[in-house]
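The primary structure of each chain is shown beneath.
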Amino acid sequence: MSNPATLSTNVALDAVKTDITLDGPHGPRPKPFFTPRRIILYSILFVACLYYLFPLYVMITTSFKTMPEIRFGNIFAPPIEFTGEAWSKAWSSACTGLTCQGLSPGFWNSIKILIPSVIISTAVAAVNGYGLVNWKFKGSEIFFAVLIFGSFIPYQVMLYPLVMLTREMGIFGTIPAVIMVHTIFGMPILTLLFRNYFASLPPELFKAARVDGAGFWRIFFEVMLPMSLPIVVVALILQVTGIWNDFLFGVVFAGTQNLPMTVQLNNIVNSAQGTPEYNVNMAATMLTGLVPLIVYFVSGRLFVRGVAAGAVKG
Amino acid sequence: MIDNTKTSVSIRNLSLSFGSVQVLQEMNLDVKYGEFIVLLGPSGCGKSTLLNCIAGLLDVTGGQIYISGKNVTWEEPKDRGIGMVFQSYALYPQMTVRKNLSFGLRVAGLPREEIDKRVKRASEMLQIEPLLDRKPANLSGGQRQRVAIGRALVRDVDVFLFDEPLSNLDAKLRADLRVEIKRLHQRLENTMIYVTHDQIEAMTLADRIAIMRDGIIQQLDTPHEIYNRPVNLFVAGFIGSPAMNFIKGDLKSRTFVADGVTLPIDHYAFQPGNEALNANAILGVRPEHVLVGEAANAVPVNFESEIEIVEPMGSDTIAWARIGTQEFTFRADAELNLEPGQKIRLGFDPARASVFDAASGERI
Amino acid sequence: MTDASASERQESGTARYVRQLFTRNISAKIAATPMIVTVLVIFIGCTLWTIYYSFTNSRLLPTGTFVGLDQYTRLFGTSRWNVSVWNLIWYGVFSLSFTLVIGFLLAVLMDQKIRFESAFRTIMLYPFALSFIVTGLVWQWIMNPTLGLQGTMRNLGFDWFTFDWIARSDMVIYALLIAGLWQGTGFMMVLMLAGLRGVDEEIWKASRVDGIPTWRTYLFIVLPMMRGVLVTAVVLAGSGIVRLYDLVVALTRGGPGISSEVPAKYVYDYMFTAGNIGQGLAASTMMLLTVMIIIIPWAYLEFGGRGKKS
Numbered sequence: 001m002s003n004p005a006t007l008s009t010n011v012a013l014d015a016v017k018t019d020i021t022l023d024g025p026h027g028p029r030p031k032p033f034f035t036p037r038r039i040i041l042y043s044i045l046f047v048a049c050l051y052y053l054f055p056l057y058v059m060i061t062t063s064f065k066t067m068p069e070i071r072f073g074n075i076f077a078p079p080i081e082f083t084g085e086a087w088s089k090a091w092s093s094a095c096t097g098l099t100c101q102g103l104s105p106g107f108w109n110s111i112k113i114l115i116p117s118v119i120i121s122t123a124v125a126a127v128n129g130y131g132l133v134n135w136k137f138k139g140s141e142i143f144f145a146v147l148i149f150g151s152f153i154p155y156q157v158m159l160y161p162l163v164m165l166t167r168e169m170g171i172f173g174t175i176p177a178v179i180m181v182h183t184i185f186g187m188p189i190l191t192l193l194f195r196n197y198f199a200s201l202p203p204e205l206f207k208a209a210r211v212d213g214a215g216f217w218r219i220f221f222e223v224m225l226p227m228s229l230p231i232v233v234v235a236l237i238l239q240v241t242g243i244w245n246d247f248l249f250g251v252v253f254a255g256t257q258n259l260p261m262t263v264q265l266n267n268i269v270n271s272a273q274g275t276p277e278y279n280v281n282m283a284a285t286m287l288t289g290l291v292p293l294i295v296y297f298v299s300g301r302l303f304v305r306g307v308a309a310g311a312v313k314g
Numbered sequence: 001m002i003d004n005t006k007t008s009v010s011i012r013n014l015s016l017s018f019g020s021v022q023v024l025q026e027m028n029l030d031v032k033y034g035e036f037i038v039l040l041g042p043s044g045c046g047k048s049t050l051l052n053c054i055a056g057l058l059d060v061t062g063g064q065i066y067i068s069g070k071n072v073t074w075e076e077p078k079d080r081g082i083g084m085v086f087q088s089y090a091l092y093p094q095m096t097v098r099k100n101l102s103f104g105l106r107v108a109g110l111p112r113e114e115i116d117k118r119v120k121r122a123s124e125m126l127q128i129e130p131l132l133d134r135k136p137a138n139l140s141g142g143q144r145q146r147v148a149i150g151r152a153l154v155r156d157v158d159v160f161l162f163d164e165p166l167s168n169l170d171a172k173l174r175a176d177l178r179v180e181i182k183r184l185h186q187r188l189e190n191t192m193i194y195v196t197h198d199q200i201e202a203m204t205l206a207d208r209i210a211i212m213r214d215g216i217i218q219q220l221d222t223p224h225e226i227y228n229r230p231v232n233l234f235v236a237g238f239i240g241s242p243a244m245n246f247i248k249g250d251l252k253s254r255t256f257v258a259d260g261v262t263l264p265i266d267h268y269a270f271q272p273g274n275e276a277l278n279a280n281a282i283l284g285v286r287p288e289h290v291l292v293g294e295a296a297n298a299v300p301v302n303f304e305s306e307i308e309i310v311e312p313m314g315s316d317t318i319a320w321a322r323i324g325t326q327e328f329t330f331r332a333d334a335e336l337n338l339e340p341g342q343k344i345r346l347g348f349d350p351a352r353a354s355v356f357d358a359a360s361g362e363r364i
Numbered sequence: 001m002t003d004a005s006a007s008e009r010q011e012s013g014t015a016r017y018v019r020q021l022f023t024r025n026i027s028a029k030i031a032a033t034p035m036i037v038t039v040l041v042i043f044i045g046c047t048l049w050t051i052y053y054s055f056t057n058s059r060l061l062p063t064g065t066f067v068g069l070d071q072y073t074r075l076f077g078t079s080r081w082n083v084s085v086w087n088l089i090w091y092g093v094f095s096l097s098f099t100l101v102i103g104f105l106l107a108v109l110m111d112q113k114i115r116f117e118s119a120f121r122t123i124m125l126y127p128f129a130l131s132f133i134v135t136g137l138v139w140q141w142i143m144n145p146t147l148g149l150q151g152t153m154r155n156l157g158f159d160w161f162t163f164d165w166i167a168r169s170d171m172v173i174y175a176l177l178i179a180g181l182w183q184g185t186g187f188m189m190v191l192m193l194a195g196l197r198g199v200d201e202e203i204w205k206a207s208r209v210d211g212i213p214t215w216r217t218y219l220f221i222v223l224p225m226m227r228g229v230l231v232t233a234v235v236l237a238g239s240g241i242v243r244l245y246d247l248v249v250a251l252t253r254g255g256p257g258i259s260s261e262v263p264a265k266y267v268y269d270y271m272f273t274a275g276n277i278g279q280g281l282a283a284s285t286m287m288l289l290t291v292m293i294i295i296i297p298w299a300y301l302e303f304g305g306r307g308k309k310s
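Chains as they are written, first to last, in UniProt numbering: chain A, 1 to 314; chain B, 1 to 364; chain C, 1 to 310.
FYI, nobody ran anything at the bench for these hints, they're computed from the structure.
This one's a predicted model, so the numbers in the text were calculated from it and none came from an experiment.
Careful: at least some of the hints might be erroneous.
Using 25 Å as the maximum straight-line C-alpha spacing, the simulated DSS-like pairs for lysine-lysine come out as follows [claimed, not checked]:
#	chain 1	residue 1	chain 2	residue 2
1	B	K99	B	K70
2	B	K70	B	K120
3	B	K78	C	K205
4	C	K29	A	K138
5	A	K136	B	K78
6	C	K113	A	K31
7	C	K205	A	K136
8	A	K138	B	K252
9	A	K31	C	K29
Derived contacts from chain B toward chain A, CB cut-off under 8 Å, selection only [stated by the list, open to error]:
#	residue
10	L57
11	P77
12	G81
13	I82
14	F86
15	A90
16	Y92
17	Q94
18	F103
19	A108
20	L110
21	R112
Some chain C residues flagged as far from chain A (calculated, every beta-carbon gap over 12 Å) [to be verified]:
#	residue
22	T38
23	L48
24	R74
25	N82
26	R154
27	G211
28	I296
From the three backbone atoms N, C-alpha and C, an ideal C-beta is built for every residue, glycine too.
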């Protein structure tokens, strides 16, 4: 009670008491929603969104218009005579430089390339990442460093030797060649992704499994893999969009019979003879963009995580 | 030479270095069957590293490890007859408690009935039977650590290794599980090697404590000896809370002189051969061995001092005073109502004190 | 005793070495083969092969004889290559600065505790999910002088409105830029936003208590703290720029004339269309050199310094 600190606080409290009234600010601070700052902020974002959305709008509206309507020359206008003709033509009968089968063969080629490429590249990278974290061997870190460094080498540098290599292997101009190239060039980023993920898991888990007597594959399949579902999904998203959108490897390695959808699309739009049919072009473009767009809209946050995770180095 | 077949775990000249950093240096340690050894030391002293070497999770750079008489230096962890409990529990998150317990047994290819039997026995012993079909995410920290202990238990091994198993738990749970581990040890009677930085865990659990620093065992002894007769300044300072008082001064024919204050320490039990030593020395006195007020007059060393700071702890009070110009902490009964500025008589029995050589830090 | 155990240790030391080399963790070594082969054969082997054969006069097949720097002399004597290089430099400078600035500004706007944040983000990022071919073709249509944006605006009565960059050799590079920014800025925004969110909350509390204006905090406190993200952003954007190929193929096919050619397209055309492999390889080696000039200082700063510290 003779504590001087307590004493002075009491005195101060007494002095303040006289000023305390019930008027003036009380309760939560008011937060007006429409401050000038907020209005400017939302306006800028809104304009930015127009820029991002405009091409999608144009793509969709043009694809549902008829050619006469397009020649009228109003890119903003929604279709008056709403027709899906361009879509069906783009899918089944639009002409590339050579044939007139539309995009459908390209779609199926892309699927045939996509599924094995995604599975193989993800599986290889997952094993790589796991090995790099838990089963280091002499030089493993150096191999990884070169791998990451290699991801910055322009593809053009390795393109011709790879053509020769696949030719030697007898797979040039076939789908296995494309799968191989996707696995190789997907390896750096995916390995990095898996390595960082596995490194973030508590190392004791691996130690405990070793004390329990499990070996390389057993720990991978029974302990690590079941825990890595989130990162597997991220890797799948990354690879599905990446491989679907590829143009260069498809055009070089797939061979004329197996050209993926992006290459066929480019051929339809850029090498077709006769008057250009913009509605068919846009329908074809839409069709090609549909797969990654669906992946994007369905995966939402995971896609964001995927691209960010792919970008942030470890 | 010690017969390797008669000890549970023997470490012979073990050393480990990462590049140029020596983590363990020419270490020797013999653990008897059924003994509870605690490896204690500050972080970075190499205690966890040593445990990982014993487990076979780290390859050693030199030396040998024997477990139950067998040289296991190059064996895989699973072939060493050890079970291990980790600080972070390291439960496999996607497996139920039952699967977690039986994973090692399934890997080893044991028959189903045997697995079930062992899981049942372990879960009974640890009272985790109701949890068997839950996932680790649905367990509390204490429950998780019980499961982690159970995973070592089902392996039916000779040696248990604990790597700071209680550090992630709150104070109360830690005390509960400490008792649980002690009970388990008394019941199973197998060898346990336990790493911790918590001296209370070490004092309460250990048969013998190995105090480590910079990859070297400083002292290996019973908790009682370590507390009462620390071999050097490091051990003396590391064990005990609040820390031991170190008073700098000179030792001259069985008297200790610090800042002009003369302290007769005739009763001190010198190490054999050191009785007549004259040297720069440090006198170590545990705060809880200091007598206050009237009682101080009954012991050989006593002096008058002024209290500077008081820290009431509830059951007792820690106070700061001075001997000469040097800080001196002591623990007093809370009922004494000590106040800063108060003059008080303090004293201690040199027989309970420690004297160290100021140059080498070794006990005199 | 000491002698015996010492010799035993030595003997088994050799045995151990052999064992470790071949049998220890054998599964781990087998599992690492794809990575090791990729690194040695593809990333190192193929690159060296390309560099070596860029000094030959190979045409249809890589069988030519050693001609020293001939291919490089010819390369820099070719106007199409020089145009390509200048295009890449201009595109690179603009693209890099605009993506970084716009990405950062958008990220700051998104960081103002706005409503519908995820809707805004979804809209800004979706182009990143699309291929450059799709991007190029859409913008090609929008930029169509007669029926695209320009035609529409003129039809609506704005006779002065001009947006014909795609058909003008002096402006076509900005057409590429608009499409490129449309595709990539959303991603930069996401990256920067992650960087902004990664900054310690207490920095904001401290600057608020100290009364520092928000814009100053962003510019002088938060931005320097985001160094890691910024470096990543520059490296990613940079390596993307050097690879610029699909977008050009889809949007302009290098035209009008050769006014929007880029090095990656030069390489492809000489290797696979013109049948002049030596020339293509020399061009690709120059691309490699450019990337190395960007990457090596960065790698040195990022990892060289860290290596010294640890």
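Tested hints:
no.	hint	in the structure
1	K99(B) with K70(B)	violated, 31 Å
2	K70(B) with K120(B)	violated, 30 Å
3	K78(B) with K205(C)	violated, 52 Å
4	K29(C) with K138(A)	holds, 11 Å
5	K136(A) with K78(B)	holds, 19 Å
6	K113(C) with K31(A)	holds, 13 Å
7	K205(C) with K136(A)	violated, 43 Å
8	K138(A) with K252(B)	violated, 59 Å
9	K31(A) with K29(C)	violated, 62 Å
10	L57	holds, 5 Å
11	P77	holds, 5 Å
12	G81	violated, 11 Å
13	I82	holds, 7 Å
14	F86	holds, 4 Å
15	A90	holds, 4 Å
16	Y92	holds, 5 Å
17	Q94	holds, 4 Å
18	F103	holds, 5 Å
19	A108	holds, 6 Å
20	L110	violated, 11 Å
21	R112	violated, 17 Å
22	T38	violated, 5 Å
23	L48	violated, 9 Å
24	R74	holds, 18 Å
25	N82	holds, 18 Å
26	R154	violated, 8 Å
27	G211	holds, 17 Å
28	I296	violated, 9 Å
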